[in-house]
Every structure is written in C-alpha cells, then in structure tokens.
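**Student:** Bring the two chains, given one by one in their own frames, into a single complex with the hints.
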Amino acid sequence: MNAKVPDIHISQAQFQPEPDSTSGQALAEIAPAEPSAVRKYLLSLGSSANTDRAFAWLMLLCGLSIFAIVALIAFELVVRSQLSLHKFGLGFFYQVFTDPDTHMQTFWDPVNSYFGARPFIYGTLVSSFLALLMAIPLAVGLAIFLTEMCPKALRGPLAFITELLAAIPSVIYGLWAVFVLVPLLREHVNPLLIKTLGWTGFFDDTNPTGLGYLSAGVILAIMILPIISSLTREVMTAVPHSQREAVLALGATRWEMIRMGVLRNARIGIVGAIILGLGRALGETMAVAMVIGATPEIHRSLLANGSSMATVIANEYAEAISDIHLSALTEIGLALFVVTIIVNALAQVLIWAVTRGTPAQTR
Amino acid sequence: MGVGIEVINLNAWYGTNHTLQDINLNIPANHATALIGPSGCGKSTFVRCINRMHETNPIARATGIVRIGDLDIYKDAKPVQIRRRVGMVFQRPNPFPTMSIYDNVAAGLKLNGYSNRRSLDEIVERSLKNSALWDEVKDDLKKKSGASLSGGQQQRLCIARALAVDPEVLLMDEPASALDPVSTSKIEDLIFQLKSQYTIVIVTHNMQQAARVAEKTGFFLNGRMVEFDSTHKIFTNPSDKRTEDYITGRFG
Chain A
1 MNAKVPDIHI SQAQFQPEPD STSGQALAEI APAEPSAVRK YLLSLGSSAN
51 TDRAFAWLML LCGLSIFAIV ALIAFELVVR SQLSLHKFGL GFFYQVFTDP
101 DTHMQTFWDP VNSYFGARPF IYGTLVSSFL ALLMAIPLAV GLAIFLTEMC
151 PKALRGPLAF ITELLAAIPS VIYGLWAVFV LVPLLREHVN PLLIKTLGWT
201 GFFDDTNPTG LGYLSAGVIL AIMILPIISS LTREVMTAVP HSQREAVLAL
251 GATRWEMIRM GVLRNARIGI VGAIILGLGR ALGETMAVAM VIGATPEIHR
301 SLLANGSSMA TVIANEYAEA ISDIHLSALT EIGLALFVVT IIVNALAQVL
351 IWAVTRGTPA QTR
Chain B
1001 MGVGIEVINL NAWYGTNHTL QDINLNIPAN HATALIGPSG CGKSTFVRCI
1051 NRMHETNPIA RATGIVRIGD LDIYKDAKPV QIRRRVGMVF QRPNPFPTMS
1101 IYDNVAAGLK LNGYSNRRSL DEIVERSLKN SALWDEVKDD LKKKSGASLS
1151 GGQQQRLCIA RALAVDPEVL LMDEPASALD PVSTSKIEDL IFQLKSQYTI
1201 VIVTHNMQQA ARVAEKTGFF LNGRMVEFDS THKIFTNPSD KRTEDYITGR
1251 FG
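Residue numbers (my numbering), protein chains in the order written: chain A, 1 to 363; chain B, 1001 to 1252.
Okay, chain B solo, but in the shape it has when bound (with noise of 0.2 Å):
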C-alpha cells in the first residue's frame, strides 16, 4: 500500500540555475497526481527530488523537508534506502538489454539480495500482470531480451521492473511522451489500475493525459508551484490566472 507525500519548503539547483523555489504541497496516499507545466518548469526535478536522483548530477543539490509516510527522506535516510521504497519509471523505456524479460523485472529484488526462487517467480508474475504486460511475454519469459519488445512493452516491463519492489510511490516522469497513441492509452490504462494500491506522482505533458488519470494535477511554472488542487478544479475553475492560461493552450 502507498503512503503519502509531504513536501516542506523544497529547493532545488542544478549549478547556480535555481530550477525549485519553495515547493510546498501534500500528495495523498493511493491516488494518482499529476503534475502540468511548460517545459522547463521544474516538475521533472521535483519527482526527481522525491528519491533523490536529482542529486546523483554532480553540480545539482536540494534542500527542504520532503517526507515519504514517515521518514523525512533528506534527514533520516540514504539516497540507496529511499529508492528501494520509490520506484521510477522514465520518460524514455529503459529495460536492461542484455538481460531477459524475467530477469528485467526480477532486477531490483536480485540487486537487493532477494533470492527466493519460487517467490521471485511469483512476484515476476504479478508485476507482469500488473503492468499488463503478462498475456503478451509469458511465453518468452527466458528467452527473449528485454530489448525485443515494442516500445510500449518496454514501458510497461519497465513499470513491472519498479512494481516488482513493491514501492510505497512510484513516480513517473512522462513515462508516454515517447510512445504512440494505442501504447500510451495502455499506460493510462494500468495508472488507473494501480493507483488504488500505489501512490502515483506523473509528470505529464498532456492535459488530457492529466485529466483522465489524476484525482489531484498540480500546475509547475519556472520553477514554481502555481496551483495544486483536485483535477477537477483545475481544468474547469482554476484560481489563478496562469494556470487558465496554460490550460486553455494561451500559451506553452
């Protein structure tokens, strides 16, 4: 089951670029919030934030108070315990070529020592049906690299590789700007599924992408957090004025 996201005060950098300006807002548990804005804005470095891969560049750092449930993840945790508890799925699929579509997903319970093989083979299972991908590799599971799938597949193995953890939050970021429609109205597809178990953060360039997943849609704006309130109200009553902007297609 997820756990909620509570974001205090949150700044970012890459060098001097100061891309996060105190970014304060409550993602809740087991629903799926999606996050709008330009390109540029700064919502990519604020799920990046969320399990600390922004920090994995050299030049960039963070600060604030970003807590996942209970633990204040910048205080009382390393970037490696963090992200056993936070999957991602990227914008471009990136399974393992060289490994086999079982092996893609049993990746992160195999790096983290997870060795029980009758469990392993079970939890490959449910993640490939999670991520619906089940009925389409179950017969190549060993045979084929995780590199001969379509696109599409390769996301969803990529999301069955982040639900094999179990995570409390999966983060996605445009996890369907690279794909076609019929894949990417699957993914929407599995979000819908999976955000009654999962807390779900997704960084969309689509509106309508947004709309249909998200219970809540926050709207990003050159480093700053606009507004953040149910989708609802976002796309039909927004308070503020840049946000019917953007939404509108006024600009961006």
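Same shape as in the complex, but just chain A (with noise of 0.2 Å):
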C-alpha cells in the first residue's frame, strides 16, 4: 500500500558539505617515513593473474558441463536406438501387428519380435490428460487461495506443505496408491463411475484390479499438484497490486478483483505451470508404473490396464530379451526426452514472460 510507506524525501540539510576533516598536515603526521610490515608483504606479491584465470576456466567448465551432459544423454539414446530406427523407421510409432498363427492384433510382443509404441505413447497421454484434468482446478484454486484470500497464519504452513508434497520420492507415491488410492478406486470409485457414467465407454467393469488409467492419472495428479500450485502462486504474486487496485476501484467484488485483475494477467505463466506439470506427468515413472497395471494394450475404458512411455522402459529394461528389444525401449526413452525438453523448454518460457517485470508489492 502506498501510503504506509513514507515516501523518502530528501531535504536540503542532507546535501550539505562534509566537513573536511582529513586535512594534509593530519596525514603527514600519521605515515610513517618506513613502509609498515603489511604494506611490505603486499608489495612484494604478483598480480595473482594466472590463479584468476584458471578459476575462471574451471566456473566456465562447471557451466559448459550442461551442454555436454544433455548432448551425451541425446547422443547415446539416438546411436543405442539405431537397430529399432533402422527396422522400423517413423512407423514405430503407429504400427500394428497381427500374428500369422493366432490372427490376433498386437502392439507390442519382445518374443515374436513385434514391437510397436502406440499404447505407450496412448497410455502416457491419458494418465496425463487426466491428471491435468484434476490437478489444475485444484492447483489455481489453492494458489487464489494462498495468495489473495488466505490469513496470514495459515499462509506459511499451507505454502510449506504444499512445497513438501513436491519433495516425497515417487515411489512412496507408489506405495501409498498401491495401499490406499487403488483399493478405495476399487471399492467405491470406480462401481459408481460405471454405474452411472459406464453408457459413455469410458468406464467398464473388464478389470477387477482397480489399476489401470484412471488410477495412474489420480496419483499424478496428487504429485503434479504442488508444481503446478507454487508457480501458479509465483505469477500470481508477480501481477502488480496497482492492478488489483484498479479492479477494486471499478467496484469489483473480490471474486471479480481476482478474475480481472489477477488472473487475466497472469494467465500466460499459469499455462506454462500447466505446461510443466505436464512435463512432470509425462515423464513420471515409478508409481506409474505401480499402478497402471503394465500392459502393452489400447483400451477406450479408463478403469482398463494399460502402459506408458517411462513405465515400459523401466519395466522391460533390466530384463530385455533381446539387441532389438533393447533398441525399441531405448528408441521410445529417445522420444520421451525430445518430447519432456519441448514441453519444458515452451513452460519456462511461458512462466518468464509473466514473471520478469516486477514484482507486486506485498503486504
């Protein structure tokens, strides 16, 4: 607020003209005619250019690690990837097999040598879809809370709790779902999404495990939910309060104050907070691959079994049967990081444009 602060004024007074109290007599009689002990060490160093130098080099190899270590990862996914590259080429991504034995349709079969992405690339864009469904209603919500609303006791623990979620190994996620989230999907979710949304085809009642999409989704929407919230609070925070101001002046209520003055102008960042919670979604691997239920299949039905990108790499890696096997998963983690790098890359980008200027006053 403009007026609790006293705005600096300077008078006159403070212009005026230091005394001159160093004057030539007094300092004279201060030297000593003999170079002082400190000053003769000093003088007797070098110019200290080399050690300089060299630190300079070594801060300026810290910062070029980066590239190299981005460069190294690309270039190892694109030469260990070649054999799938060369055999299958673009239709990696979409091909579908039929077996000349059983005539039945497969994606993905390391034994007979088949191997396709399609239902990793579908599963990942579901649970993550999902995800994003139920994060960001939650996510805006918290952070208008947190920023405009919440009483400032609560402000801190909420913004600290919320940061800590971000913090919580993925497979204690995992392990939790696996405990408490699949079972009360099981039990109570999912007969009622069937009872009175199954006429959809979303929701059939094909798979008692209780994994499956949905469950995926649920679970990242819980561990992309802290991302999302504290970024959408940064931008929020960083739309100047003369904007707030200006709504409330018109006569807003403070809903209106929030929707006009605050998220209007903030919307940008808030997408890029999307954008990087979805990149969190897209790559997450290890409770993903708890509860999806790990099965190479495209269903239409969210409560089915299915897999992901990450989840099949981290699954079939360590036991891989075989040269193309090895090259197929690796060829699907080459996509997985072109795609996770755009995704975060257009995030950040987004979120800067919001939060360069500066920064609101807060109260």
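Read the hints as simulated data drawn from the structure, not as lab findings.
The beta-carbon is built from N, C-alpha and C at its ideal position, and this holds for glycine as well.
Among the hints, erroneous ones may be present.
[To be verified] 20 Å max Cα-Cα, derived SDA-like pairs, lysine to any residue:
{"no.": "1", "chain 1": "A", "residue 1": "Lys-152", "chain 2": "B", "residue 2": "Thr-1016"}
{"no.": "2", "chain 1": "A", "residue 1": "Lys-152", "chain 2": "B", "residue 2": "Ile-1059"}
{"no.": "3", "chain 1": "B", "residue 1": "Lys-1078", "chain 2": "A", "residue 2": "Thr-253"}
{"no.": "4", "chain 1": "B", "residue 1": "Lys-1110", "chain 2": "A", "residue 2": "Leu-263"}
{"no.": "5", "chain 1": "A", "residue 1": "Lys-152", "chain 2": "B", "residue 2": "Thr-1056"}
{"no.": "6", "chain 1": "B", "residue 1": "Lys-1143", "chain 2": "A", "residue 2": "Arg-264"}
{"no.": "7", "chain 1": "B", "residue 1": "Lys-1078", "chain 2": "A", "residue 2": "Met-149"}
{"no.": "8", "chain 1": "B", "residue 1": "Lys-1144", "chain 2": "A", "residue 2": "Arg-264"}
{"no.": "9", "chain 1": "B", "residue 1": "Lys-1078", "chain 2": "A", "residue 2": "Glu-256"}
{"no.": "10", "chain 1": "B", "residue 1": "Lys-1144", "chain 2": "A", "residue 2": "Ile-268"}
{"no.": "11", "chain 1": "B", "residue 1": "Lys-1110", "chain 2": "A", "residue 2": "Arg-264"}
{"no.": "12", "chain 1": "A", "residue 1": "Lys-152", "chain 2": "B", "residue 2": "Asn-1057"}
{"no.": "13", "chain 1": "B", "residue 1": "Lys-1142", "chain 2": "B", "residue 2": "Glu-1122"}
{"no.": "14", "chain 1": "B", "residue 1": "Lys-1144", "chain 2": "A", "residue 2": "Arg-267"}
{"no.": "15", "chain 1": "B", "residue 1": "Lys-1075", "chain 2": "B", "residue 2": "Asp-1022"}
{"no.": "16", "chain 1": "B", "residue 1": "Lys-1142", "chain 2": "A", "residue 2": "Arg-264"}
{"no.": "17", "chain 1": "B", "residue 1": "Lys-1195", "chain 2": "B", "residue 2": "Asn-1206"}
{"no.": "18", "chain 1": "B", "residue 1": "Lys-1110", "chain 2": "A", "residue 2": "Glu-256"}
{"no.": "19", "chain 1": "A", "residue 1": "Lys-152", "chain 2": "B", "residue 2": "Glu-1055"}
{"no.": "20", "chain 1": "B", "residue 1": "Lys-1143", "chain 2": "B", "residue 2": "Arg-1117"}
{"no.": "21", "chain 1": "B", "residue 1": "Lys-1110", "chain 2": "A", "residue 2": "Arg-254"}
{"no.": "22", "chain 1": "A", "residue 1": "Lys-152", "chain 2": "B", "residue 2": "Tyr-1014"}
[Said to hold, decoys possible] Negatives, chain B to chain A, calculated, CB over 12 Å:
{"no.": "23", "residue": "Ser-1119"}
{"no.": "24", "residue": "Arg-1126"}
{"no.": "25", "residue": "Leu-1141"}
{"no.": "26", "residue": "Gln-1208"}
{"no.": "27", "residue": "Arg-1212"}
{"no.": "28", "residue": "Glu-1227"}
{"no.": "29", "residue": "Ser-1239"}
{"no.": "30", "residue": "Arg-1242"}
{"no.": "31", "residue": "Glu-1244"}
**Tutor:** In structure tokens form, the structure reads like this:
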C-alpha cells in the first residue's frame, strides 16, 4: 500500500558538504617514514592473474558441462536406438502387427519381435491428461487461496506443506497408491463410475484389479499439484498490486478482482505452470509403473490396464530378451526425452514472460 | 452530475500508526478540490477513505462519518456499492495490459453486468472524448492493448475508464506525478473541463497544479488538516503560519 510506506524525502540539509576532516597536515603526521610490515608483504605479491584465469576456466567448464550432459544423453539415446530406428522407421510410433498363427492384433510382443510404441504413447497421454484434468482446478484454486484470501498465519504452513509434497520420492506415492488409492478406487469410486457413466464407454467393469489409466491419472494429479500450484502462486504474486486496485476501484467484488485483475494478467504464466506439470506427468515412472497395470494394450475404458512410455522402459529394460528389444525401448526413451525437453522449454518461456517484470508489492 | 462530500471526525490507522486525525471538511459538488501537503501527511490516505480503498489493506482501519451526497458510506453501504459511485485515478497509470483500449474503458461497465452493446459503444466514445484521448486512439480501439499507449495516454485512458461508469465523485491521487510536463498539462486541462460535471478531489505535490485547477485547497500536515479554504486564499493569504511556511517552500 502506498500510504503505509512514507516517501523518502531528501531535505536540503542532507546535501550540505561534509566538514573537511582529513587535511594534508594530519596525514603527514600519521604516515610513517618506513613502509610497514603489512605494506611490504602486500608489495611482494604478484598480480595473481594466473590463479584468477585458472578459476575462470574451471567455472566455465562447470557451466559448459550442462551442455555436454544433455548432448551426451541425446547422442547415447540415438546410438543405442539405431537398430530399432532402422528396422521400423517412423512406423514404430503407430504400427500394428497381426500374428500369422493366431491372427490376433498386437502392438508389442518381445518374444516374436513385434515392437510398436502406440500403446505406450496412448497410456502416457491418457494418464497425463487425466492428471491435468484433476490437478488444474485444485492447483489454481489453492494458489488463489494462498495469494489472495489466506489468513497470514495459515499462508506459511500451507505453502510449506504444498512444497513438501514435491519432495516426496515417487516410489512412496506409488506405495501409497497401491495400499490406499487403488483399493479405494476399486471398492467405491469405480463401481459408481461404471453405474453412472458406463454408457460413455470410458468406464467398463472388465478389470477387477483397480489398476489402470484412472489410478495412474489420480496419482499423477497429486504429484503434479505442488508444481502447478507453487508456480501459479509465483506468477500471481508477480501481478502488480496496482492492477488489483484498478479493478477494486471500479466496484469489483473480491472474486471479480481476482478474475479480472489477477488471473487475466497471470494467465500466460499459469499456462506455463500447467505445461511444466504436464512435463513432469509425461516422464513420471515409478508411481505410474506401480498402478497402471503394465499391459501393452490400448483400451477406451479408463479403468482398463495399460502402460506408458516411462513405465515400459522401467519394467522391461533390465530383462530385455534381445538387442532389438533393447533398441526399441531406447527409442521410446529418445521420444520421451525429446518431448519432455520441448514441453519444459515451452513452459519455462511462458512463466518467464509473466514473472520477468517487477514483482507485486507484498503486504 | 457530482455530489458534495461531507467528512466529520474522520480518523484512520495503518496498524498502530494514526495516519489521519479528526479530519472535518466539506467538499463542494461539481468543483475541483486540491489536497496538498508534504509526503506522508495523510492526503492519500484521506482520498482512499472516500471510496473505502483504505481498508483493502488488512491492517488498515478508519472511523468517522463520510457522506457522499446523502449516503453515509461507512454506515449505510458496502465498499463495492461506494466504488461504483466514486471513480479513482491512481498515481501510476494502471490500464489492464491484456485488454484492448475499448475493453479497458468498458471494464467497469462489463464488470457490473452492463452489456447493452449499442450504448456501450457510445459510452466508450464519450468517455474517451471526455478524457481527450479519442482522436489519438479512435482508429485502433480494439486492435491495440491498453499497455501499448504512452504514459500520458495511459493515464488519460485510466481517466476514461473511471468516467465510463459515470461517477458522482472522481478521486485523483497525484494523477500527473509520474508524467512528463506535456502530459501533465493535458491532464490539468482535462480536470479543468471535467470539474463542471464531476466533483473532483485531487491530491498533488505540485502547488502550481493545485493553484491552476482547484477552487478549494486543503493543506495536510502530519495526519491533520491544517487549513481548508478557497485556493486563492490559501496561496495568497493563508491563516495558518504552517500553511504559509509550506507554500513558500520553507519546508517539505
């Protein structure tokens, strides 16, 4: 608030010249005839230019190592997926095989060397989409509450706990999902969904395990909630206070002020926060692997078992049965690498676009 | 048309800081009234009490009676209702950067659910003409964003935005202090034209500005109103020694 902070007002008195205390006479009296021991020591030192230059090079090396690491990962992924890249080409991402003996369609069958990434791409997209669907309203609501309405005493603890959620290892989320979330969905939520929304085809009762796309989506939603929420909070705080006042002065209610003065100005950054959450959801491995069901199939029903790109790599890499199997898994990894890099870069740019200005005055 | 403002025993606090002490004055309708005084004297707090913006800060509070026309704003109305009647222009131009010029002016009307398209167009045009901005922006009303204008234009856009809701009182908190001299004189001309239709209260650091635009001037010092009189009297023959010291530049 403007009026609370008194303007710094420089009076004329402060510009009066300081009294001249160090006259030449005084200096001559203080200075000894002979250089002191400290002066002699300092004079004996060299320019230190070499150490400084060495330090600069060392730091440059640290900086450049980031480029090297990213480049090496990309290089290694490309090299190791050569076999699969050459054999399947772009078809890898959509092909379907028909087994000559059983006439069954299959996407992925390491024993018969059928490798197609479609069910994993589908699983990744569906589970991430479900996660966003559930996480966005909750995260934005939480951010609005924390920045605009939360009593000061509650703001710190709530923000702290939200950030803590991001620090929990994903295998813990997976365990919690297996022991708590999946049984809960299986016993209570899924039957309800099947009964009320079964007619849409998205919920059928062919899978009694409770594992599947929906379980993966819910656990992902919980995992990306802190990211979206804390970044949304950041971009909302970056909206200048004058925007809020402008809307209030027009006779806005609190909700109208938040909608017109805050959300509208922060929307690009909020989109960035959402995309960053998406980046995390796309790449999340452990928790999803524990609840998605690990079946290389495509189902319309969200309650069916599936698999995702990160999941299939984690599940099969250690026990790959052939070179082409390994290579196909690496190619999935390469695709995931490229997509997540692009998604994250986009997100960072959008968030930067909002927060680069001056931050809001906090009260 | 504007209405008068009657202030009786107004006190305001920021936390434990008693920023306004026993303010009493009558602001005449359809005239410009200037409030002068050194920084931190409470004049901004005072105008923010007139549309109850003061209390948007959780540690702030105010007591006393403020009557806008016949309405006792602290007793008989909610802040939202008052702010629909009292427009405000801030020190720094604050147009909505994500809205077009048109939407900026129409913001207050749309916010309050006024959506008659034909008359919306008319009101936007009239408001921009009243704020002397129409000729400069009429060709890209819906193409350009409010933030693409120059600082002085942005401030006139903010005035148009405040005028669009047809306020009875227009509060201006140092409206020209962030602007260059040319833009400043445009804003002053504007105040001169508007004051026949609106009750204008303008806070200013610039005493010449007060002398140029206002019929009445109040001098604030340390949270109290030292003197309130016709502008001519304040600047030529003030009753209080402190007022004289301030306007002759002996402090502040």
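**Student:** A separate judgement is required for each hint: does it hold in the structure or not?
**Tutor:** A quick look at each hint next to the structure:
1. A distance of roughly 18 Å separates the Cα atoms of Lys-152 of chain A and Thr-1016 of chain B; the hinted pair therefore holds under the 20 Å criterion.
2. Restraint check for Lys-152 of chain A and Ile-1059 of chain B: satisfied, since their Cα atoms lie roughly 11 Å apart, inside the 20 Å limit.
3. Proposed proximity of Lys-1078 of chain B and Thr-253 of chain A is supported: the alpha carbons are some 10 Å apart, at most 20 Å.
4. With a C-alpha separation of about 17 Å, the suggested pair Lys-1110 of chain B and Leu-263 of chain A falls inside the 20 Å cut-off, and the hint holds.
5. Taking the CA atoms of Lys-152 of chain A and Thr-1056 of chain B, the gap is about 15 Å. The hint holds against a cut of 20 Å.
6. Taken as a hint, the Lys-1143 of chain B and Arg-264 of chain A pair is honoured in the structure, with Cα atoms around 18 Å apart against an allowance of 20 Å.
7. Annotation: proposed proximity of Lys-1078 of chain B to Met-149 of chain A holds, straight-line Cα distance about 19 Å (limit 20 Å).
8. For the proposed pair Lys-1144 of chain B and Arg-264 of chain A, the alpha carbon gap of about 17 Å is at most 20 Å, so the pair holds.
9. With a C-alpha separation of about 15 Å, the suggested pairing of Lys-1078 of chain B with Glu-256 of chain A holds against the 20 Å cut-off.
10. Restraint check for Lys-1144 of chain B and Ile-268 of chain A: satisfied, since their Cα atoms lie roughly 18 Å apart, inside the 20 Å limit.
11. At roughly 15 Å between alpha-carbon atoms, Lys-1110 of chain B and Arg-264 of chain A fall within 20 Å of each other, so this suggested pair holds.
12. Annotation: proposed proximity of Lys-152 of chain A to Asn-1057 of chain B holds, straight-line Cα distance about 13 Å (limit 20 Å).
13. Of the pairs offered as hints, the one joining Lys-1142 of chain B and Glu-1122 of chain B holds, with about 14 Å between alpha carbons and a cut-off of 20 Å not exceeded.
14. The suggested pairing of Lys-1144 of chain B with Arg-267 of chain A holds, with an alpha-carbon distance near 19 Å, which does not exceed 20 Å.
15. As the CA atoms of Lys-1075 of chain B and Asp-1022 of chain B are separated by approximately 18 Å, the hinted pair is consistent with the 20 Å bound.
16. A distance of roughly 17 Å separates the Cα atoms of Lys-1142 of chain B and Arg-264 of chain A; the hinted pair therefore holds under the 20 Å criterion.
17. Distance hint between Lys-1195 of chain B and Asn-1206 of chain B is fulfilled; the C-alpha atoms sit about 19 Å from each other, no more than 20 Å.
18. For the given pair, Lys-1110 of chain B sits about 11 Å from Glu-256 of chain A by alpha-carbon distance, which is consistent with the 20 Å threshold.
19. Pair hint Lys-152 of chain A plus Glu-1055 of chain B holds up; C-alpha atoms about 16 Å apart against a cutoff of 20 Å.
20. With a C-alpha separation of about 18 Å, the suggested pair Lys-1143 of chain B and Arg-1117 of chain B falls inside the 20 Å cut-off, and the hint holds.
21. Distance restraint check for Lys-1110 of chain B and Arg-254 of chain A: the Cα-Cα separation of roughly 16 Å lies within the 20 Å cut-off, and the hinted pair is therefore satisfied.
22. Restraint check for Lys-152 of chain A and Tyr-1014 of chain B: the C-alpha separation of about 17 Å stays at or below 20 Å, so the hint holds.
23. The claim that Ser-1119 of chain B lies off the interface holds: its Cβ sits roughly 18 Å from the closest Cβ of chain A, which is beyond the 12 Å cut-off.
24. Chain A leaves Arg-1126 of chain B outside its interface by the beta-carbon criterion, the shortest separation being 17 Å against a cut-off of 12 Å.
25. At roughly 19 Å from the closest C-beta of chain A, the C-beta of Leu-1141 of chain B stays outside 12 Å, upholding its exclusion from the interface.
26. The beta carbon of Gln-1208 of chain B is kept farther than 12 Å from every beta carbon of chain A, the shortest such distance being approximately 19 Å.
27. Chain A leaves Arg-1212 of chain B outside its interface by the beta-carbon criterion, the shortest separation being 23 Å against a cut-off of 12 Å.
28. The claim that Glu-1227 of chain B lies off the interface holds: its Cβ sits roughly 21 Å from the closest Cβ of chain A, which is beyond the 12 Å cut-off.
29. At roughly 26 Å, the least C-beta separation between Ser-1239 of chain B and chain A is larger than 12 Å, which holds for a residue marked as non-interface.
30. No beta-carbon of chain A comes within 12 Å of the beta-carbon of Arg-1242 of chain B; the shortest separation is about 16 Å.
31. At roughly 19 Å from the closest C-beta of chain A, the C-beta of Glu-1244 of chain B stays outside 12 Å, upholding its exclusion from the interface.
In summary, the structure agrees with every hint in the numbered list given earlier.
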